[in-house]
Structure formats: structure tokens, C-alpha cells
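Peer 1: Just so you know, the protein sequences line up as chains A and B, in that order.
Going left to right, the first sequence walks through residues 1 to 108 as this note's numbering numbers them.
Going left to right, the second sequence walks through residues 1 to 113 as this note's numbering numbers them.
A portion of the hints provided could be inaccurate.
Claimed, not checked - From the derived model, a few chain A residues whose C-beta atoms are all more than 12 Å from chain B:
(1) Q3
(2) E17
(3) S52
(4) I76
(5) T77
(6) Q80
(7) T86
(8) H105
(9) I106
Said to hold, decoys possible - Okay, the calculated bits of chain B under chain A, using three or more residues with CB under 8 Å as the criterion:
(10) 13-22
(11) 36-50
(12) 90-102
Claimed, not checked - Once the Cα atoms are required to be at most 25 Å apart in a straight line, the calculated DMTMM-like pairs of lysine to aspartate or glutamate come out as:
(13) A:K100 to B:D26
(14) A:K36 to B:D38
(15) A:K95 to B:E59
(16) A:K100 to B:D56
(17) A:K36 to B:D26
(18) A:K95 to B:D38
(19) B:K14 to B:E72
(20) B:K9 to B:E30
(21) A:K95 to B:D26
(22) A:K36 to B:E59
Source of the hints: derived by calculation from the structure; they are not laboratory data.
For clarity, every value in this text was computed on a predicted model and none was experimentally measured.
From the three backbone atoms N, C-alpha and C, an ideal C-beta is built for every residue, glycine too.
What follows is each chain in one-letter form.
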Amino acid sequence: GQQVMQIPQYQHVQEGEDFTTYCNSSTTLSNIQWYKQRPGGHPVFLIQLVKSGEVKKQKRLTFQFGEAKKNSSLHITATQTTDVGTYFCAENGDKIIFGKGTRLHILP
Amino acid sequence: NAGVTQTPKFQVLKTGQSMTLQCAQDMNHEYMSWYRQDPGMGLRLIHYSVGAGITDQGEVPNGYNVSRSTTEDFPLRLLSAAPSQTSVYFCASGRVLGNSPLHFGNGTRLTVT
Chain A
1 GQQVMQIPQY QHVQEGEDFT TYCNSSTTLS NIQWYKQRPG GHPVFLIQLV KSGEVKKQKR
61 LTFQFGEAKK NSSLHITATQ TTDVGTYFCA ENGDKIIFGK GTRLHILP
Chain B
1 NAGVTQTPKF QVLKTGQSMT LQCAQDMNHE YMSWYRQDPG MGLRLIHYSV GAGITDQGEV
61 PNGYNVSRST TEDFPLRLLS AAPSQTSVYF CASGRVLGNS PLHFGNGTRL TVT
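One chain only, chain A, in its complex shape (with noise of 0.2 Å):
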């Protein structure tokens, strides 16, 4: 079934570290979208990637979606505390399916 993967299930870093998460899928993707969950909070829309190859940019946070549509990673350069939380992607496609989700702790 549809289904996508996400790695690292934790990631802790130095504060000023970057951090990157990725999604992969066995099949193509029409398109992947990315959420952002506080601690304590609910998921927060952040992104949506469409075509083969894009990268979108938001301040420290960049998006890629692979060329095959298989693929996905969201890269955040410098991290700061606020950058906390779990992030997630999903495939929003026939039905709305997340994968398990990043946790990035920041250690100060």
C-alpha cells in the first residue's frame, strides 16, 4: 500500500548544527508535502513539493523533491531552539498518508 518511509526516526544536534530528515517511497509520488510538530502541539503545514527535481527555500529550511519522485529531504541549516519538534511528510495523493516523523532535539 502507499506508504512512506522517514529517516532518522531521532536526531539530536548542537544548537548552530545543520540537520537534515528524508523520505523515501518504492513507489512515485505525485507530490510530498511537509508538517512541523511542536511539542505538545499539532502539525503545522510548512510545504508542498510537485515537480521532479524541485527545491523550495523557506530563511534555513530547504526542500527537494528527488527527480523520480521517490524521494524527499527538508535540510535545515544552522539550527536554532526553535527549530524543535518533530517533522513529518506525507504523500497527499489518494488518500493523505504521513510517514513516522523526525524528532530533532537541539542540545544548547
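Put chain B on the given structure of chain A with help from the hints.
Peer 2: For chain B alone, kept in the frame of chain A given last:
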């Protein structure tokens, strides 16, 4: 503009009890859905609806019922609560299924003893 409103925020049930989790959105979204979130399991889709009068099953539908009599409301019913249904439940809506961002409610934390 309230967005997606879920009630209650917290609920404790005894095994076998029934209850309804309420979800309402005021954005005229066609798509609505329910997810449960458990540690290490991410967000799992329970049921979804692409419009009033239409519902369909997600990944983990057993033990839950839904209905969509209006565009605004999408209640989730637990017919006979079980401890395995202890979880945080999120309702989410989107303009349409396929390309629209999801807007999430604040969640309902349910404990079944």
C-alpha cells in the same frame, strides 16, 4: 476565523464506554479526516471524507465510525472504547484531497482505562 475546532481537549473513558469526538471547520473545506498519534507510530489515518455524505476508511478504521452530514462537521465515534484506543486524536481538513495543505485541530487526548 476559528479554523478546525476539536472538542473535548481531554477525555477519560472506561473500557466499553462510547463517546463522540467532535470536529468542526469553518473554512468550507471539502476534505476532512481523523488521525491518531501514538509514540513512535506517527500519524495514522482512521477515516476520511471528500465531501458531505461521503466517507472512507483509512489505515486503522476498526473500532471507529464516522459520518459527514454537513460540510462543516466530521464527528468520530468510538462505539466500545478499548485501552488500545488510548491516543491523541487529530482532526484535519483541506480544501480538496490531492493538493491542498491540511489544517489540523488542536487534538483530543483520550485515555481508556
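Peer 1: All hints are to be evaluated individually against the structure, with a verdict given for each.
Peer 2: Structure-based check of each hint:
A Cβ of chain B approaches the Cβ of Q3 (chain A) within 12 Å, the least distance being about 10 Å, so the stated non-interface status is violated. With a least beta-carbon separation of about 24 Å from chain B, E17 (chain A) lies farther than 12 Å from that chain, consistent with its non-interface assignment. Look at S52 (chain A): its CB is around 16 Å from the nearest CB on chain B, clear of 12 Å, so calling it non-interface holds up. Against the 12 Å criterion, I76 (chain A) stays outside the reach of chain B, whose nearest CB is about 19 Å from its own CB.
The non-interface label for T77 (chain A) is consistent with chain B: the shortest C-beta to C-beta separation is roughly 24 Å, beyond 12 Å. With a minimum CB-CB distance of about 23 Å to chain B, Q80 (chain A) clears the 12 Å threshold, and the non-interface call stands. For T86 (chain A), the non-interface assignment is contradicted: its Cβ lies about 8 Å from the closest Cβ of chain B, within the 12 Å cut-off. The claim that H105 (chain A) is not at the interface with chain B holds, since no C-beta of that chain comes within 12 Å of its own (minimum 15 Å).
Taking the minimum C-beta to C-beta distance to chain B, about 20 Å, the non-interface status of I106 (chain A) holds against the 12 Å cut. Counting residues of the region 13-22 of chain B whose beta-carbon sits less than 8 Å from any beta-carbon of chain A gives 0, not enough to reach three: the coverage restraint is violated. For the region 36-50 of chain B, the assignment as covered by chain A holds, since 7 residues bring a beta-carbon within under 8 Å of that chain's beta-carbons and 3 suffice. Counting residues of the region 90-102 of chain B whose C-beta sits closer than 8 Å to any C-beta of chain A gives 9, which meets the bar of three, so the coverage hint holds.
A threshold of 25 Å between alpha carbons decides the hint, and for K100 (chain A) with D26 (chain B) the separation of about 29 Å lies outside it, so the pair is violated. Among the hinted pairs, K36 (chain A) with D38 (chain B) is consistent with the structure: their alpha-carbon atoms are about 16 Å apart, no more than 25 Å. Only pairs whose Cα atoms come within 25 Å are accepted, and K95 (chain A) paired with E59 (chain B) is accepted, the gap being roughly 9 Å. Between the alpha carbons of K100 (chain A) and D56 (chain B) the distance comes to roughly 22 Å, so the proposed pair stays at or under 25 Å and holds.
Taking the CA atoms of K36 (chain A) and D26 (chain B), the gap is about 23 Å. The hint holds against a cut of 25 Å. The straight-line distance between the Cα atoms of K95 (chain A) and D38 (chain B) is roughly 20 Å, inside the 25 Å bound, and the hint therefore holds. Taken as a hint, the K14 (chain B) and E72 (chain B) pair is broken in the structure, with Cα atoms around 29 Å apart against an allowance of 25 Å. With a C-alpha separation of about 24 Å, the suggested pairing of K9 (chain B) with E30 (chain B) holds against the 25 Å cut-off.
Between K95 (chain A) and D26 (chain B) the CA atoms are separated by roughly 22 Å; this keeps the pair inside 25 Å, and the hint holds. Restraint check for K36 (chain A) and E59 (chain B): satisfied, since their Cα atoms lie roughly 21 Å apart, inside the 25 Å limit.
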